[in-house]
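S.K.: The chain contents come next:
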Amino acid sequence: MIKNITCICCPKGCLITLDTENPEATIKGNACAQGFDYALGELLHPMRTVSSTAKITGAIHPRIPVRTSGNIPKEMIFDVMAEINKISVESPVKCGDVLIENVLSTGVDIIACRDM
Amino acid sequence: MTYDVAIIGAGAIGCAVARELSRYDCKTVLIEKENDVAMGTTCANSAIIHAGYDPKPGTLMAKYNAEGNRMAGEICEELDVPFRRCGSFVLAFDENDMKTVRELFENGTANGVPGMEILSGDEVRKMEPHVSEECVGALFAPSAGIINPWGFALAMAEQAVLNGVELRLSFAVSKIEKEGGNFVITGKNGEKIAAKFIVNAAGVYSDDIANLIGDRSFTQNSSKGQYYILDKNQGELFDHVMFQCPGPLGKGILVSPTIHGNLMVGPDANPGSGKDNTATDRKGLDHVIAASRKTTTAVNFRECVRNFAGVRSEPSTHDFIIGFSGADDHFMNVAGIKSPGLSSSPAIAADVVKMLLEAGVPSGKKENFLRGRKPLRFKELSPEEKKAAIAENPAYGHVICRCETITEGEIIDALHGVIVPKTLDGIKRRCGAGMGRCQGGMCGPKVLGIIARELKIPPEEILQNRDGSFILTGKTGKGGDADVL
Amino acid sequence: MYYDLVVIGGGPAGLAAAEEAKKNGAGSVLIIERNEELGGILNQCIHSGFGIHVFGEQLTGPEYAKRFIDRLSGTGIEVKTDTMVIGISPDKTVTAVNSAEGYLEIKAGAIILAMGCRERTRSSIAIPGERPSGIFTAGTAQKYINVEGYMVGKRVLILGSGDIGLIMARRLTLEGAKVLGVVEIMPYSNGLKRNIAQCLEDYGIPLYLSHTVTDIKGENGRLSRVTVSKVNGFEPIPGTEIEFEADTLLLSVGLVPENELSRSAGIEIDSRTNGATVNEEMMTSVPGIFACGNVLHVHDLVDFVTEEAQKAGKAAAEYLRENKDGVSGETIEIRNGANVGYTVPQKIDTGKIGKFAEVFFRVRSVLNNAEISVKAGEEILFSKKREQMLPAEMEKLIIPKKVLDAANGRTITVSAEEAEK
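Residue numbers (numbering that gives the first Met the number 0), protein chains in the order written: chain A, 0 to 115; chain B, 0 to 484; chain C, 0 to 420.
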């Protein structure tokens, strides 16, 4: 089966096509190597980053922006959101601080995206 | 307790009557179904104090308009309400229109309108260069003016409250009964108010209120009018109110600067559109644009800041209905207040109060009729005054609404004023935050935060405008539904 | 109070412009920011995807802003936050107010305008209907959700498929709202393709192309129903109405450069961009006043804002150093030709560019096999092929100096047309 995949690696958004029978040999339309990897990954085990906010006390705002330090399996997006929503951190927090280590054993951390 | 007078409806008329009554030692209550004053027709109209040449001599409209115009100027001066006597034109595009112009001139003369002139098309274009070449002449009336209509009503209501009038908001009258010679007014939530006299100033709902005491002497129809408000770069196009000749449905499409510096174009007329119907529709808005082209083609409608529709009164009598009801001589109708109602309101109020006093309302004059504090309008201050204002209160140095340059200090003042607003639009009506080109997109969250802080209420409870118009639906962080994946 | 350079706005444009000006020798530099902190709109753009061109990595908005904010320390660049500029005069006096210092009159040697843009509202596109609560511009909703921590609704329809609309569709879904759809009047989306994929397709959110909102109804003060109709061009087609039971309508219907201050300084505004008319150094019609970022023209990528701001910053430093604004070569006007909505800059001084000039523009319609051409009159001076061109994507055209020299002072036009097969 021929499958179309819009690459999300950069703003260019290449439309990549592949044949699911033999994906590696048929990937087309990617402008870079990252796109090749993305298309293959998207077919076998789609991954996403998640960004959201977490509760913070004693800071300029009530929520601090956070994100996953890397990609997590797409089907775990809402599980990761639930984990983020469980925490409450106290100011001061530094950009890059790990707020949840190895979230849901994904090997990825939840990190703060700014000083606050 | 029993009030001497209960005024039903806190629009321009109700507020003007309340203010006038508050000079006397009588106990007055001003009842309003909405959560703030000036929420109905008073808030959504052409914002003009008419000169008085429109009404046919002999009508109540003719009786009150020119006098109301003069009094409105005084009240605005006294209460520091933005008002500019800029003058108005009625444009003629053919000989038939010129005939109307001459008739209006005659009307105006009979009604006591000062300073009118009939001008040629060229004379008009000399004063207003963007007027169409098709214009052949016009009536010019220098006494017409532009006003902040809700600010006018609000200032009068505030002065009334300051002088002892009690204001009951969110009180929708559902029943009026007579007990022991007094009225008992029941609200939708069961609350009761007793009063010796009632003034029915319920605007488009005044026939419904009159019906509650069995007065079916008039019906009150409504006609929706839709408007464009354009950005200030369009406000510069005209210095005067530009009418076309009136037709059977009213004064027609006008193009006018507003007191806030914008340009207003409208209204269309939709008789029988419903008392609650303030929705705009494509057809009506397109008609407004098309009809305005007759006056001028200079307006860039892409600079639209806001569209709105207002409901105006169309009484079955085609004139104001002012006087004690045939059904009860303690119940006074001040109804059928169509255009020029806003302009006439001060003169109507003076007459209404005179009639009430004659009918036995306590007439002792208060020794001190309080005036109230002038609101500080930061952007209108000179540099020196700005410096002084910020030195006295640093909140005046914190600009919240960037489109209209409204400071936190002005918003705090509004929140601690005589009539406390609890809504974003209440703040907008009082100090102008959110009225500009971004329509509160930028300052809305900040204003909401200031209301929550100053009034100590949770942000989720703060409303946009009417009861039920909540803005936020809870806190974030509750997670989502994985099934969408 | 005097500063050599006053930068108005502390978002991505202002930050990069100030830094670059300082680096190139500008003396005293002041950034004036109206909000309580630097970073501008980036602070509420918590999603990832910023910085691929400038840093070669994917950052969230706050992270991207932080890179520039951190670099200010030690430079001597001064910052006034919570400070609103209320006037700019042609003699480069900036009037501002804040709570701490009061009313400020700041004389500037040069000014960089970096005030950004604002969102178009319901009224700017005259959406008819009732006026209940629950109608937000996408950016306002984003601020409530990402900064204040409050939800704006439960059942949401989004009008406009620009990037902010798409990003908010995903954000609202992650926070538990039901996004009923994204409605787009054009036959194509105005957002980046990757945002269609990861914000809509990932969550099964339908995209209604060639549709628009034609009526709005409320119940008890809050939005309750939105009517959407198919359009023919821009005209709704009767009988195609779809009713959505939504309590919230988000509008992502365009951005407008915020130039009221610029107008007060007498700066010439280009009606196509709603931003200042600038030359290749981002200098406006008032010598010594520069503009960059979304106040100049609306960008789709912050990375390009940064690059443009750096250009303005460098030029402002040069202006201060040489204290001249004289034209050093020939000034060539650039007009938009077929299918091109606008160009920035609108004029180029050939004496001030290096080997080439960069011209940004947007096409008016989708082109699948495009040829961009630069012409002087009927004479084609330069052309370039481009695979696909979309109105949503800002295009950068690099014009060699020798092409501009060949124009010989004549006005040039930039066009983009389907290439002949």
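There's no promise every hint is true.
Stated by the list, open to error - Here are a few chain A residues that sit away from chain C, every Cβ distance over 10 angstroms (derived from the structure):
hint : residue
1    : LYS2
2    : ILE4
3    : PRO22
4    : LYS27
5    : ASP36
6    : LEU43
7    : THR105
Unchecked claim - Below, a list of computed lysine to any residue pairs in the SDA-like style, where the Cα atoms sit at most 25 angstroms apart:
hint : chain 1 : residue 1 : chain 2 : residue 2
8    : C       : LYS106    : C       : SER122
9    : C       : LYS153    : A       : GLU74
10   : A       : LYS93     : C       : VAL285
11   : B       : LYS378    : C       : VAL255
12   : B       : LYS282    : C       : LYS106
Simulated from the structure, these hints should not be mistaken for lab results.
For clarity, every value in this text was computed on a predicted model and none was experimentally measured.
Just so you know, even glycine gets a beta-carbon here, dropped at the ideal spot from N, CA and C.
S.K.: Are the hints correct? Go through all of them and say.
M.R.: Going down the list of hints, with the structure as the test:
Against the 10 angstroms criterion, LYS2(A) stays outside the reach of chain C, whose nearest CB is about 13 angstroms from its own CB. Non-interface status of ILE4(A) relative to chain C is broken: a Cβ of that chain comes within 10 angstroms, the nearest being about 8 angstroms off. Look at PRO22(A): its CB is around 18 angstroms from the nearest CB on chain C, clear of 10 angstroms, so calling it non-interface holds up. Taking the minimum C-beta to C-beta distance to chain C, about 14 angstroms, the non-interface status of LYS27(A) holds against the 10 angstroms cut.
Listed as a non-interface residue, ASP36(A) keeps its Cβ farther than 10 angstroms from every Cβ of chain C; the least gap is roughly 15 angstroms. Listed as a non-interface residue, LEU43(A) keeps its Cβ farther than 10 angstroms from every Cβ of chain C; the least gap is roughly 16 angstroms. The claim that THR105(A) is not at the interface with chain C holds, since no C-beta of that chain comes within 10 angstroms of its own (minimum 16 angstroms). Distance check on the hinted pair: LYS106(C) and SER122(C) sit about 37 angstroms apart at the alpha-carbon level, beyond 25 angstroms; violated.
The straight-line distance between the Cα atoms of LYS153(C) and GLU74(A) is roughly 23 angstroms, inside the 25 angstroms bound, and the hint therefore holds. With a C-alpha separation of about 42 angstroms, the suggested pair LYS93(A) and VAL285(C) falls outside the 25 angstroms cut-off, and the hint is violated. For the hint pairing LYS378(B) with VAL255(C), the CA-to-CA distance comes to about 24 angstroms; that is within 25 angstroms, so the pair holds. For the given pair, LYS282(B) sits about 51 angstroms from LYS106(C) by alpha-carbon distance, which is inconsistent with the 25 angstroms threshold.
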